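Q: Listed in order, the protein sequences are those of chains G and A. Using my numbering, the letters of the first sequence map in sequence onto residues 537 to 634. Using my numbering, the letters of the second sequence map in sequence onto residues 537 to 634.
Keep in mind the hints are simulated off the structure, nothing from the lab. If you're wondering where the values come from, they're calculated on a predicted model, not measured in any experiment. Cβ coordinates follow ideal geometry from the N, Cα and C atoms, glycine included. The hints are all genuine.
Some, not all, of what chain G presents toward chain A, calculated at C-beta under 7 Å:
| no. | residue |
| --- | --- |
| 1 | Val-542 |
| 2 | Asp-581 |
| 3 | Ile-584 |
| 4 | Asn-588 |
| 5 | Ala-629 |
2 protein chains.
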Amino acid sequence: MPVRHVVMFTWNDDLPDSHAAEVSAALAELPHAIPEIASYVFGPDLGIVDGNFDYAVVADFDDRDAFVTYRNHPLHQRFIANHIADKVAARAAVQFEL
Amino acid sequence: MPVRHVVMFTWNDDLPDSHAAEVSAALAELPHAIPEIASYVFGPDLGIVDGNFDYAVVADFDDRDAFVTYRNHPLHQRFIANHIADKVAARAAVQFEL
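Could you put the whole structure together from the sequences, leaning on the hints where they help?
A: This is the structure in structure tokens:
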């Protein structure tokens, strides 16, 4: 059963404007290193609607196990530690059946 | 420029367990009625990870105008009034360039 993982972040106020671009550059490396990622798209909010979160990631996996492997992968965990962990004011996530 | 719209909901505690299925049935009607929707997938959280939101919708559009047409469409607004407006404890959304 394919699984779609969706996650959104609101950045802390004190981050530089370059943060989103740094996140996108770091995310772009992960599919090369984590073969369980079947599809990976992400980007900053376009500012069309007030009140949105700042950034979204949508990742597809062939099954739950592939998602869990990605979630626990050392390079994904390093990405979180470097670019997410202490930099988000809010986080929202869902995994659903594709 | 294609736009991906992602939205998540956490339902109010007092909703029946059938609510997510009712939402999915109602959402399934919208692409037939709103031709601006290029792709529409949605579903309840799988329960793999603690602390997630309850439900997600991922919708693709050919451009910003198509997204705004969808957002303002009377059938989409009726869906929100019937199934979302007074039924969510939390909502998170992002639109990003696909």
